[in-house]
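A.B. asks: Sequence:
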Amino acid sequence: GGDSGAEEADATAARRLAKAAPLAADLGVRVLLETHDSHGTGADAARVVGAVGHASAGVLWDVMHTWRGGEAPQDTHRVLAPYLGYVQVKDIPSAEDTTPLPPGQGVLPLGEVVELLTRAADEEADSPRETDAGAPAADAGTGTDPVAGLGEAQNQGQEQERGPRGADAGGGWLCWEYEKRWYPQVPELPELLPGVRDHLMRLLSASA
Numbered sequence: 001g002g003d004s005g006a007e008e009a010d011a012t013a014a015r016r017l018a019k020a021a022p023l024a025a026d027l028g029v030r031v032l033l034e035t036h037d038s039h040g041t042g043a044d045a046a047r048v049v050g051a052v053g054h055a056s057a058g059v060l061w062d063v064m065h066t067w068r069g070g071e072a073p074q075d076t077h078r079v080l081a082p083y084l085g086y087v088q089v090k091d092i093p094s095a096e097d098t099t100p101l102p103p104g105q106g107v108l109p110l111g112e113v114v115e116l117l118t119r120a121a122d123e124e125a126d127s128p129r130e131t132d133a134g135a136p137a138a139d140a141g142t143g144t145d146p147v148a149g150l151g152e153a154q155n156q157g158q159e160q161e162r163g164p165r166g167a168d169a170g171g172g173w174l175c176w177e178y179e180k181r182w183y184p185q186v187p188e189l190p191e192l193l194p195g196v197r198d199h200l201m202r203l204l205s206a207s208a
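For the sequence shown, UniProt numbering gives the first residue as 1, with consecutive numbering after it.
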């Protein structure tokens, strides 16, 4: 973030990710660069993570920021597909008003995003996958319900609900971000969960 130029921001982000990625690998996790602030579009994030060139350095796709940056979902997905760790969905009234809404009640192209992820997952499922050791790669999902975890809120500035991978190769985890902490006037999270879960399930079913 900050006021640095694009080249300086790229260099700083790449340097930090390059240092963190081996540590993440040792722990069996990935460190993800979010499409946000100085790297708000998929092209921005892919430029940095591609320069790092480490499997444990990936991208968190925040759908709102790439859309507000003028990037079409298919363009974002095309550049981020090799690096995606998970995808963060939300909804807002307009590009100028980022007050959080339940998914489906605003302007963000969530149906298009889910369709892209599902298509990528289907294509990946049709092609053989191997780990570095040559064995088939295990799916990170833990069940057949792609939003089974919806309902376990994390109240640390960003309230996120997530479930097992519904679109494995296309983006890993699908996560609803609801930033009530920054918008105290919006409805409480628990009352929205059933409707949000139903909406995401409908999007996934429609894209299947």
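Derived by calculation from the structure, the hints in this document are not laboratory data. It cannot be assumed that every hint is accurate.
What the hints assert, rightly or not - When the alpha-carbon atoms are kept at most 25 Å apart in a straight line, the in silico SDA-like pairs for lysine to any residue are as follows:
hint : residue 1 : residue 2
1    : 19        : 43
2    : 19        : 85
3    : 180       : 191
4    : 180       : 19
5    : 19        : 34
6    : 180       : 206
7    : 180       : 120
8    : 180       : 55
9    : 180       : 9
10   : 180       : 50
11   : 180       : 207
12   : 180       : 125
13   : 180       : 194
14   : 180       : 197
15   : 19        : 9
16   : 180       : 101
17   : 180       : 95
18   : 180       : 109
19   : 180       : 190
20   : 180       : 43
21   : 180       : 208
22   : 19        : 120
23   : 19        : 68
24   : 19        : 69
25   : 180       : 81
Said to hold, decoys possible - Pairwise CB distance ranges, derived in the manner of DEER restraints:
hint : residue 1 : residue 2 : range
26   : 185       : 109       : 39 to 47 Å
27   : 22        : 109       : 33 to 41 Å
28   : 201       : 125       : 13 to 21 Å
29   : 201       : 12        : 33 to 41 Å
30   : 107       : 36        : 26 to 34 Å
31   : 26        : 194       : 35 to 43 Å
We treat Cβ as the ideally placed atom computed from N, Cα and C, and that holds for glycine.
A.B. asks: Now tell me, hint by hint, if it's right for this structure.
C.D. replies: Each hint tested on the structure:
no., hint, result
1, 19 <-> 43, "22 Å, holds"
2, 19 <-> 85, "18 Å, holds"
3, 180 <-> 191, "13 Å, holds"
4, 180 <-> 19, "33 Å, violated"
5, 19 <-> 34, "17 Å, holds"
6, 180 <-> 206, "29 Å, violated"
7, 180 <-> 120, "32 Å, violated"
8, 180 <-> 55, "33 Å, violated"
9, 180 <-> 9, "29 Å, violated"
10, 180 <-> 50, "33 Å, violated"
11, 180 <-> 207, "29 Å, violated"
12, 180 <-> 125, "37 Å, violated"
13, 180 <-> 194, "17 Å, holds"
14, 180 <-> 197, "18 Å, holds"
15, 19 <-> 9, "16 Å, holds"
16, 180 <-> 101, "10 Å, holds"
17, 180 <-> 95, "18 Å, holds"
18, 180 <-> 109, "21 Å, holds"
19, 180 <-> 190, "11 Å, holds"
20, 180 <-> 43, "29 Å, violated"
21, 180 <-> 208, "31 Å, violated"
22, 19 <-> 120, "30 Å, violated"
23, 19 <-> 68, "30 Å, violated"
24, 19 <-> 69, "28 Å, violated"
25, 180 <-> 81, "29 Å, violated"
26, 185 <-> 109: 39 to 47 Å, "25 Å, violated"
27, 22 <-> 109: 33 to 41 Å, "36 Å, holds"
28, 201 <-> 125: 13 to 21 Å, "20 Å, holds"
29, 201 <-> 12: 33 to 41 Å, "40 Å, holds"
30, 107 <-> 36: 26 to 34 Å, "19 Å, violated"
31, 26 <-> 194: 35 to 43 Å, "40 Å, holds"
Checked against the numbered hints listed earlier, the structure breaks hints 4, 6, 7, 8, 9, 10, 11, 12, 20, 21, 22, 23, 24, 25, 26 and 30; every other hint is satisfied.
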